[in-house]
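Q: Since chain A is already given, all that's left is putting chains B and C on it; use the hints.
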Amino acid sequence: MTIRIGIDYYPEQWTPELWEKDAALMQETGVAVVRMAEFAWSRMEPTEGDYRFEWLDAAIEVFAARGMEIVLCTPTNTTPNWMTSRYPDVLPMDEQRQIIRSGVRGHRCNNSYSLRMLGSKFIEAMSQRYAKHPAVIGWQIDNEMHFQECHCDTCNRAFVAWLQKRYSSLEKLNQEWGTVVWSGEYSSWAEVTTPLGTSKPKNPSYLLEYKRFCSDSVGYLLGWQLEILRSNCPGQFVTHNMWQYPSSLDYYDLHKDLDFVSVDYYPNELYRDYGDRSPKNGALSLDLVRGIKRRNFWVMEQLSGAQGAWMPIQRTPYPGLIRARSWQTIARGADMVVHFRWRSAVVGAEQFWHGLIDHSNVPGRRFREFAELTREVKQLGELLAGSTIDTHIAILHSHDQHTALSLQAQTEGGMHYMDNLSSMHNAFLKMGVGTDVINWTEELDGYKLVIVPSLFLLSEEVAQRLERFAAGGGTVVLTNRTGVKNMRNVCEMLPLPGLLAKAAGIVVSEYDAIGNSEHWIRNSEGQTFAAKQWCDLLELRGAEPIAWYDNDFYEGVPAVTVNKFGEGEVYYVGTWPEPSYFYQLFESILKEKGLAPKLQLPEGVELSIRTKGEESFLFLINLTNEQREVTLDVPYLSLLTSERLEKKMTLPALGVDILTI
Amino acid sequence: MTIRIGIDYYPEQWTPELWEKDAALMQETGVAVVRMAEFAWSRMEPTEGDYRFEWLDAAIEVFAARGMEIVLCTPTNTTPNWMTSRYPDVLPMDEQRQIIRSGVRGHRCNNSYSLRMLGSKFIEAMSQRYAKHPAVIGWQIDNEMHFQECHCDTCNRAFVAWLQKRYSSLEKLNQEWGTVVWSGEYSSWAEVTTPLGTSKPKNPSYLLEYKRFCSDSVGYLLGWQLEILRSNCPGQFVTHNMWQYPSSLDYYDLHKDLDFVSVDYYPNELYRDYGDRSPKNGALSLDLVRGIKRRNFWVMEQLSGAQGAWMPIQRTPYPGLIRARSWQTIARGADMVVHFRWRSAVVGAEQFWHGLIDHSNVPGRRFREFAELTREVKQLGELLAGSTIDTHIAILHSHDQHTALSLQAQTEGGMHYMDNLSSMHNAFLKMGVGTDVINWTEELDGYKLVIVPSLFLLSEEVAQRLERFAAGGGTVVLTNRTGVKNMRNVCEMLPLPGLLAKAAGIVVSEYDAIGNSEHWIRNSEGQTFAAKQWCDLLELRGAEPIAWYDNDFYEGVPAVTVNKFGEGEVYYVGTWPEPSYFYQLFESILKEKGLAPKLQLPEGVELSIRTKGEESFLFLINLTNEQREVTLDVPYLSLLTSERLEKKMTLPALGVDILTI
Amino acid sequence: MTIRIGIDYYPEQWTPELWEKDAALMQETGVAVVRMAEFAWSRMEPTEGDYRFEWLDAAIEVFAARGMEIVLCTPTNTTPNWMTSRYPDVLPMDEQRQIIRSGVRGHRCNNSYSLRMLGSKFIEAMSQRYAKHPAVIGWQIDNEMHFQECHCDTCNRAFVAWLQKRYSSLEKLNQEWGTVVWSGEYSSWAEVTTPLGTSKPKNPSYLLEYKRFCSDSVGYLLGWQLEILRSNCPGQFVTHNMWQYPSSLDYYDLHKDLDFVSVDYYPNELYRDYGDRSPKNGALSLDLVRGIKRRNFWVMEQLSGAQGAWMPIQRTPYPGLIRARSWQTIARGADMVVHFRWRSAVVGAEQFWHGLIDHSNVPGRRFREFAELTREVKQLGELLAGSTIDTHIAILHSHDQHTALSLQAQTEGGMHYMDNLSSMHNAFLKMGVGTDVINWTEELDGYKLVIVPSLFLLSEEVAQRLERFAAGGGTVVLTNRTGVKNMRNVCEMLPLPGLLAKAAGIVVSEYDAIGNSEHWIRNSEGQTFAAKQWCDLLELRGAEPIAWYDNDFYEGVPAVTVNKFGEGEVYYVGTWPEPSYFYQLFESILKEKGLAPKLQLPEGVELSIRTKGEESFLFLINLTNEQREVTLDVPYLSLLTSERLEKKMTLPALGVDILTI
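Going line by line, the protein sequences match chains A, B and C.
Under UniProt numbering, read the first sequence as residues 1 to 661, first letter to last.
Under UniProt numbering, read the second sequence as residues 1 to 661, first letter to last.
Under UniProt numbering, read the third sequence as residues 1 to 661, first letter to last.
Chain A on its own, in the form it takes in the complex:
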């Protein structure tokens, strides 16, 4: 399938006269796909059972008539007023059992019976109506499903049932969670509830299970919708537009029965709670998305203008950003980029979440940039179609670690799992070396290097897989806070790193949660590097030290080690060093393995390679607002300009080029 550009459109917000004008301009611009019906429940079912699809038929017709394909959405993210009024159990309850009412959408209990009953009937009707429509190619279920703690009666009963399936008895649960602490033993299932307010520090095993249950509840809501769509629409795909990581949802599990992964990509917003908005994080986010099903994906919503809604209006995208960020998604595995949204809404709470065209409906700078992008993608779409990203390096990402480390802050200032993972991913990104970011429970065949940040919870299965991988010649990099707990969030009575101590060839004799205090490590060349968060004092059990602590009472104690294990080797990093340390460490590992980078990249330029058979396409994307020079290893052909590039190439601010040999 060729790579294409699409548009998110809300016909219910505009007059049919505007549909015609908008469709004409889309056709002229080269738009291939239009997503619609998202959030339009109250228009499609204005009162219970009164289905009204005529307006949607008409809207689809307008765009289909101009050659565009249609993606439809189930509208369950926005339960209408008639429903929440008549069926109050549709609304979720917070930990004080206060009703959480509508606002930014998503106002529904994932386990609600009424929602399932009314939603099933509606999706049954909608899917039957459009199952055979020639222009409708597929479905998006709901919108950006999110983690919702709900404490309603239904959720309480569902939680108990969920636990009963996982624990053979209440005695087993008491024992595995260690509820005896603080007299928390349950004497009857009737005493078990969701973690109601107001006192926070509850049993961590309980809290982790509840978080897992909440993620599964989202899966439940998706599941019953998927069942209907699969049964009625065999010829149409089903996907979901996920929000980016970090998330409290287990997206691996959530996507297991969908056709492909779609993501909403707003690179201005990424990681904003983490303070780091560098272009690097966008790449990680896309690598994570590609890793979910280990294949190419869609972008279902792509940044098109300044965002503003519950937050203030953000800066307008710098000239070139819309184009560069779209190419970035393709470079990292997107096969379709649907832009959010055609025109800014004039009504509603998202009035200032700007689309490609402003409220005035006068197409401006951003629209012109989008039109240029669409032209380029049309030009290269066929050529790039079918290409994928291949690499020998995997970073293991674990939703469980993210959850567990969030529940118990390991150190002052926190130990943010995704930030730490990101700091390791960044080292490869800076080198221009592609990595897969995959679920920690995946098989590792085909990889040569596996990076494994903090396996705080560790299963025997994963420990053994990593041992096998290293024993068979692979290289593993482990870090501090590995092997601390079992999968029930209970501490192991083992010297750290627990089940992986043997493979790492060390034990942790003591640790110090240094938080943001200034600490240093020193490598064998005598270079020093700043370190934060944590210091494991390492005792050698076969491993060799390659860096040592350089201050405090453990000055001279090993901080980083490497252990020969079978045919391979296992590194252990006992602290969180500054980025340059990871860069240097990984670079030396890559050189040893013959995986050294092709090009020397200037700051802010990203390289990604898609290959198809023998062909290989190098995407070079300058994500800075300044011009950059890249020195090439061999001559290349620019696919965008058809120019031949010899030694050097210049990328303007936010410039993009796609090279082949």
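Hint data in this document are derived by calculation from the structure and do not stem from the laboratory.
Just to be clear, a hint being listed does not mean it is correct.
Identical chains blur together in the list; that is why a pair holds if it fits in one copy or across any two.
What the hints assert, rightly or not - List time: in silico DSS-like cross-link candidates among lysine-lysine, alpha-carbon distance up to 30 Å:
id : residue 1 : residue 2
1  : K598      : K648
2  : K202      : K121
3  : K21       : K502
4  : K172      : K21
5  : K121      : K132
6  : K532      : K448
7  : K612      : K598
8  : K448      : K612
9  : K448      : K256
10 : K532      : K202
11 : K378      : K647
A: Showing chains B and C alone in chain A's frame:
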């Protein structure tokens, strides 16, 4: 009426013996008016229907006997315990429908039926008793009425009724609010509620209407009291002691049937949530108050000591501050200054909101300063009586913009309507040029220059009035975020500044919400000025540019323009420049119009002029803690010292002088 | 009784096999006492009335068999799930009458009838079972009882009853509280409630009484347990493990019927809400504990590893800290130090509140340090047994001032009673001069110098006692905010410092709540010192000034005075000067009184002296992480090393020595 000094007094907090002593000292000091009965409901009606006015009769008698006039208050701000216990609907509910209980007064639902029923009976009795009392000159309704979101059943019903009056049908409401977004369409009035918690970002049209309803609910509470007082007390005035701006109440509307405006003026506290406590803001606050009814006003509570209650105790007023601030209110239109309060309370939550006399009841420094002030006001009161403030410059203030811009933050760090208005007002204040600050819907006859910050919501009526004003020879200064929306808080599908684009002779081709990023503009003389918050990229449609952006991708694009429009001209300021830019811009406009300032003022000295026929009184007030020199344009006579001042005059720290020619 | 070391142990969290191993290692290490059964209610009574003590019998047996003595706890801090499910009145309600559920223990209403009924039955059974057990030496009631605002029906009724006992009538209450302010008069007892939400600034007399009631409610919970234990266990002691100051509980009252005071001492955590973690505060905390019953005490929980639970994991204790802090408690009056805890929990919310041994169960550095400490204490325990701390200096600590000053912030940035008391205590600590810190209502016989920070509330009884003390030759140091109010939290209509103005020989003519503004005082030698928080402008009435304000409009006004009063003298400090001022002031007073310090101490080294008859033991403890030198006045014998020390001694980082002559 001569200008006078008064006292806020709470006889119910002191013994009758103290009344006598206090009244004697007041008489000796020259106090003319005493306000009482505020908050004394539980003493006047200790249990339902049991009216006890004998103690109040006696207290009035003590002060009246010594020649003082009395202002009485309705006590509805403090509903007594017997009432909230027996009539729970008197208490308001928060957005989670939790009861908001008593504390800092104002614990009542403005729409409560019980409050109206019980309050009406009480005010009926009280007003009949004192309607003919020779010493009682007027009434204050309630106290510092404030915006109270209430979500009780009564308010929910009242809100729906209020909407039904404004919208011919629910379909109309759905359409005008754009509820279709996120499936928010109402299928029945029964689904419409006040904006209940917990999810914040709701439809902005809905939220704005709810805020208007809440302000109107305060008007309702005031209205039924006013009706009783008007009917029973034809010979007595009725006023209300408003808190200063910024406020969530529409004070223009609230005061429309009152005799005059009264304000509680605590210059230590003004704008404290905005971080700027400079003396400038006091002047704006007073100009706003004068603008409400476009005439002179009362100060009903004037700062008399360090404040402290729900906040920590503040610094004690610097020597001279009490006097200087009182003269400042007179300089800007006060005809009466009532001081809060005689003596600090020894009981209750306001123990440390200090009065003129401390708990010890030993009059000290602050009291001596007050006595001096009283003597001066007595000396000049007759001469100043009847004088008013005249100016050819109006700043338009709009409660709707304040509300709407608060609901949707336009930029990181916010776009605070009152701060922005203040930065424009400050430019005139610094020049010593008086301005009126009036409601944006007022007629503009008689003005030559009209300053109009951000008309985010814009009605056709106001747009046309401004066009007429400019066409007829007036000068208008518009700013960014003008014409964005209609009065329903819905974005206009027009190039910005919408209905005023023609008058301004520009359109906004794009904008950038820069927040606190550093930006610069450059004028035609090549001077640069810092700019924040917002950048409109201006496209000329007849206007001439007078300043340009000096950085970012829109360097060189016009930032400020002027357009000839009929006999007048319209300026458009596309960004928020630093104060010196406004100073320079306004100064050049004033010079052209022959309105240039009289005196060059040193930092921190305020000039205000009251005129009466041919006479004109210049108030010079040094609001700093340091001595200041003022250079005079012509010789003046000091009314306070009877000295003749030639070229120069010296104002000591917090010094005041009143000059005439 | 010899001084000893103990261990907090939770047999219910470990297997009987581990009990054996742990007991063996404890015996080998020299552990003398084991505390257990804390929090184990759900194990001892798994369902209502089903008492199971067999496992506890067995656990006690294991440790008793190895010679250890046992302290048992009543488990009422952790009500089991069966109880809170079946008897919901056991759980407290917050000010919005929302149920406060379990989490960090203490989930119970102190006044709950069900808790009393069920708890009494249980404690009856438990105490009968162990009353005669030869190894069980005593009881700890509950755990770290804490101030719990509860607003349930029971507490509301109990509060009214409590008030009815204290006030002869509702009229009296209305009058004493000044409820007339803001119409707060009660017309019936039925209107009186606990201070329900949501509006905070309520009548301060009411709030203070409610705080006292809450503290008394804790006393009630302790009281009924004590009654049972006293009746069943005449041969066993009863204590409670209190949390350190500052606290909202009146510990003086709470301990009045207990045998001795026990404290949980986590010096890493002390005062963490106050920003000051210097070693000084630990000493104050211990002095306060000793002062509660004016005799030696136990430490029931002593820091043994990094803390982490509801807060992030803290830094690991620096080598030497565990030993130094244990000796510090002994130096200041501890006769027993029980360490929390043997091994870190592998389950539950306190997994990362580290014990002496890590989860791995491999004893490490911290355990070795503990073992050394245990050996040393064993070596010196008999010698030190029976020694106490004697001093002629008392600092008066008042729980009422702490509460009242917290209710009404006196100045921007606050006036923290405990911080201020601490800054005065620190001056003596730095000199190495021991002080008692006692309840402000204690008799003062035997003291020569009494330091009295802010007697904001002042009773006639205390004022007269202080006058008598000074008149009889004692020296009193008073500070600003003395004598402001009576015991009902009502301001006195007296010149400040109210009832003590005569003794101080001054009156406060005005005050300025300067907060964090920079102010200065100057003494007669012309030295200047920074001052904060408050400035009383002092008017002399017989006193002599010894320091004056050095800036602002009151430059030159007296700031500190001394007044001859009878045979003694009274100092008055009108501001809060920097620490060096207190150091200098107290040093000069001590010199005059012949109480000058023995040694010149380097920064961070603490000196404390225990005496027994003629013998005297000097504890020198270096609480810094660096080596320190101490110059000795005379030769000493080190009891730890048996070395004779002449002029100088060196204390390594966190070093300890115990000297005698």
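Q: Just pull the numbers of the violated hints for me, sorted ascending.
A: none
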